[in-house]
Amino acid sequence: MKRLLAILLLFLPLTIAQAQVLDIGLVVGNESALPIAVVPMPYTGSNLKPDTDVAGVIRDDLNRSGQFRSVPVDTIRGFFADKPMPTRGSEVKFSDWKLLKQDFVVVGRVIDESDGGYRVEYELYDVAKQQRLIGLFDSGRGKGLRDVSHRIADQIYEKILGVRGAFWTRIAYVTATGLGQSMQYSLMVADSDGYGPQTVVKSREPLLSPAWSPDGRKLAYVSFERGNSTVYSQEIITGAREVIASFKGINGAPSFSPDGRRLALTLSKSGNPEIYVMDLTSKSLTQITHHFGIDTEATWTPDGQNLIFTSDRAGKPQVYQVAASGGEPTRLSFAGDSNAKASVSYDGKKIAMAQGSGNVYRIAVLDRSFGGTGRWQTLSPGNLDESPSFAPNASMLLYATKEGRKGVLYAVSADGRVRLRSTVSDGDVREPAWSPYRQR
Amino acid sequence: MNNVTRLLTATAVCVALAACSQKVKEAPPTDNGNNNTGASTSGMAGDGKYGPGDLDTDACLRQRVVYFDFDQDTLKPDFQAAIACHAKYLRDRPEARMTLEGNADERGTREYNLGLGERRGNAVSSAIQGSGGSASQITVVSYGEERPTCVDSTDDCWSKNRRVEIVYSAK
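These protein sequence lines are chains A and B, in that order. Just so we're aligned: the first sequence equals residues 1448 to 1887 in the working numbering. Just so we're aligned: the second sequence equals residues 202 to 372 in the working numbering.
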């Protein structure tokens, strides 16, 4: 019996990890979203039929962005109940799609690739202009067909909106399951739509603050597995990792520089938390802040010239900017009672942060495009919203909040009009970090 | 436990409770199998010095949690007596080592709360040193908001999580 229990315990964590899928459902919609039809893309090859519904993945991606409203597949099937669905440009009748009130239509098919994988040939049409906008193909093996689908969604998104798509990206987050002594923390990596979650670190002690390297190959994070906080950097594919900082006191808040050569982090080895920059080759440290307050949560501006960080030097936590070589910090946040944990958009114009007013914490974005002290917009309606993380194209943000006793993630469009809830089936989820663009 | 033991234990707990303020959390006495009546152990050894057994029995030393106000690291007067006892314990037993585990409630970001937990740990450390404890006997670790004792988003729960726990790694 004891033996059986031991075996069960061995397998339990794995089972839980596999059950964790981010379940993304639309919370608020965008009325002005563009209508687009993504017609089912049948498999016409002679090998094993792929298990990925390519058109379905594209449809879900476009819907999640909030910029598109894709017509439900049942509507398309109903319309073509007594005639063949188009799978190539020559079969597209624009009058059909005008009748269905669609601005755009995507058709395609899945065929065999000579290497045993699959090839998706697809075309995008502008219905009003009766014009082909894209005619391309993309290939992948087996499960890679989900990646292919996300890349196609990226192409469609970019062609229509003129902004690079960020569907073929990943998200990292931390889950906590169990209670008390059996508490289990996991650092997870999943596709941007929550599919394929994989555990990259598992620990009985807290894990927090995952940060992506700019090439998307590494994650830096904080682990308490040694008793005290320690900063690690880990290769995602191999799982190989190294200790970056394990000084006396706090070792926290890692953030890779845009060129990937340096890491900003928080160390309290001098007696109180200060921002440092480590040269990752030589491991040499440069102290950036010098203040008795709490200085932490540094993140880089896209040009690598500045750090944006949290400090309570003025009493409450506020967001500041300092040159990455050091110097006198400038306060950026002048709204709400407190502001912390900044995430900067790829163009450096928008800074998202957790803004506190009384006991209410929400995600607020400071837009610096217009000069002056900037314009503010609140993007979340919760009470304990924190940890905003911009998608690499800044079209959306991920953030964490608490519902009841459980942590959940939300994705919100940058204009705040579309919000999606993501939950894991077991335990609570926190500390989201959206990856950079993936590289082929 | 027989009835007499139970009664004696209850009496000891009552005395202990009366001796400390309302907000102080008791560290549970460990059952060592012989001296477990709770009331039979004296607070001080014969020479007036604390011994390891006092950690389980002395009402003052059994106060091992110090609570704080929101976003504050100021020590409240309620905890001065306990701090003085633990400082004396460190003076009496140079071989003793303690870890001060700083914690915060869930409000505010996780990394900021690591800083806040450390600040609280340092505040208790300074106070103990101010009462004669040696810095070499004390280690401060901050867990920020990662180790809550209570997970509801309520004032009551938050007040229980804003704390420093005194943990003896060597008695």
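Check the hints yourself; a few may be wrong.
[To be verified] With a straight-line cut-off of 30 Å between C-alpha atoms, the simulated DSSO-like cross-links for lysine-lysine are:
id, chain 1, residue 1, chain 2, residue 2
1, A, Lys1545, B, Lys277
2, A, Lys1649, B, Lys277
3, B, Lys372, A, Lys1853
4, B, Lys250, A, Lys1716
5, B, Lys372, A, Lys1695
6, A, Lys1606, A, Lys1545
7, A, Lys1590, A, Lys1576
[Unchecked claim] Looking from chain B toward chain A, a few residues come up when the C-beta cut is under 8 Å (computed):
id, residue
8, Val266
9, Asp270
10, Leu317
11, Asp357
12, Lys361
13, Val368
14, Ala371
[As the list claims (entries may be wrong)] Okay, the calculated beta carbon distance ranges per label pair:
id, chain 1, residue 1, chain 2, residue 2, range
15, B, Lys250, A, Leu1732, 37 to 45 Å
16, B, Lys250, A, Arg1708, 41 to 49 Å
17, A, Asp1726, B, Val352, 17 to 25 Å
18, A, Gly1805, B, Val352, 33 to 41 Å
19, B, Gln273, A, Leu1626, 48 to 56 Å
20, A, Phe1817, B, Gln273, 50 to 58 Å
21, A, Asp1706, B, Ala371, 43 to 51 Å
22, B, Val352, A, Phe1541, 54 to 62 Å
23, A, Gly1762, B, Ala371, 32 to 40 Å
24, A, Leu1546, B, Val352, 49 to 57 Å
25, B, Ala371, A, Ser1629, 26 to 34 Å
26, B, Ala371, A, Ser1693, 52 to 60 Å
27, B, Val352, A, Thr1820, 53 to 61 Å
Just so you know, these hints were derived from the structure itself, not from any lab. Predicted model only: the values in this text are computed from it and were never measured. No residue lacks a Cβ here, since even glycine has one placed at the ideal position from N, Cα and C.
Consistency of the hints with the structure:
Distance check on the hinted pair: lysine 1545 of chain A and lysine 277 of chain B sit about 72 Å apart at the alpha-carbon level, beyond 30 Å; violated. For a cut-off of 30 Å, the pair hint linking lysine 1649 of chain A to lysine 277 of chain B is broken: about 38 Å separates their Cα positions. Simply put, lysine 372 of chain B and lysine 1853 of chain A have alpha-carbon atoms about 38 Å apart, too far for the 30 Å limit, and the pair is violated. For the hint pairing lysine 250 of chain B with lysine 1716 of chain A, the CA-to-CA distance comes to about 34 Å; that exceeds 30 Å, so the pair is violated.
Taking the CA atoms of lysine 372 of chain B and lysine 1695 of chain A, the gap is near 22 Å; set against the 30 Å cutoff, the hint holds. With a CA separation close to 20 Å, the supplied pair lysine 1606 of chain A and lysine 1545 of chain A stays within the 30 Å bound. Of the pairs offered as hints, the one joining lysine 1590 of chain A and lysine 1576 of chain A is violated, with about 36 Å between alpha carbons and a cut-off of 30 Å exceeded. The closest approach between the C-beta of valine 266 of chain B and any C-beta of chain A is roughly 17 Å, which is over the 8 Å cut-off, so the hint fails.
Checking aspartate 270 of chain B against chain A by beta carbon gives a least distance of about 14 Å; that is not within 8 Å, so the hint is violated. At its closest, the beta carbon of leucine 317 of chain B sits 7 Å from a beta carbon of chain A; the interface hint therefore holds under the 8 Å criterion. The criterion of a C-beta within 8 Å of any C-beta in chain A is not met by aspartate 357 of chain B, whose closest approach is roughly 13 Å, and the hint is violated. About 14 Å separates the beta-carbon of lysine 361 of chain B from the nearest beta-carbon of chain A, more than 8 Å, and the hint is not met.
Taking 8 Å as the C-beta contact cut-off toward chain A, the hint placing valine 368 of chain B at the interface is violated, the least distance being around 11 Å. For alanine 371 of chain B, the interface hint is violated, the least distance from its beta-carbon to any beta-carbon of chain A being 15 Å, above 8 Å. Distance hint for lysine 250 of chain B and leucine 1732 of chain A: a CB-CB separation of about 44 Å, consistent with the stated range 37 to 45 Å. Distance hint check: the CB atoms of lysine 250 of chain B and arginine 1708 of chain A are about 57 Å apart, inconsistent with the given range 41 to 49 Å.
Checked against the hint of 17 to 25 Å, the pair aspartate 1726 of chain A and valine 352 of chain B fails, with Cβ atoms roughly 40 Å apart. Between glycine 1805 of chain A and valine 352 of chain B the beta carbons are some 21 Å apart, a value that contradicts the proposed interval 33 to 41 Å. Judged by the Cβ atoms, the range 48 to 56 Å given for glutamine 273 of chain B and leucine 1626 of chain A is violated: they are separated by roughly 29 Å. Taking the beta carbon of each, phenylalanine 1817 of chain A and glutamine 273 of chain B are about 37 Å apart, not inside 50 to 58 Å as hinted.
Restraint check, aspartate 1706 of chain A to alanine 371 of chain B: a C-beta distance of roughly 47 Å satisfies the suggested window 43 to 51 Å. At roughly 57 Å, the beta-carbon separation of valine 352 of chain B and phenylalanine 1541 of chain A lies within the given 54 to 62 Å, and the hint holds. A hinted range of 32 to 40 Å for the beta carbons of glycine 1762 of chain A and alanine 371 of chain B is consistent with their spacing of about 39 Å. Roughly 54 Å separates the CB atoms of leucine 1546 of chain A and valine 352 of chain B, a value that falls within the hinted 49 to 57 Å.
For the pair alanine 371 of chain B and serine 1629 of chain A, the beta carbons lie near 28 Å from each other, so the given range of 26 to 34 Å is met. At roughly 22 Å, the beta carbons of alanine 371 of chain B and serine 1693 of chain A sit outside the given window of 52 to 60 Å. Taking the beta carbon of each, valine 352 of chain B and threonine 1820 of chain A are about 38 Å apart, not inside 53 to 61 Å as hinted.
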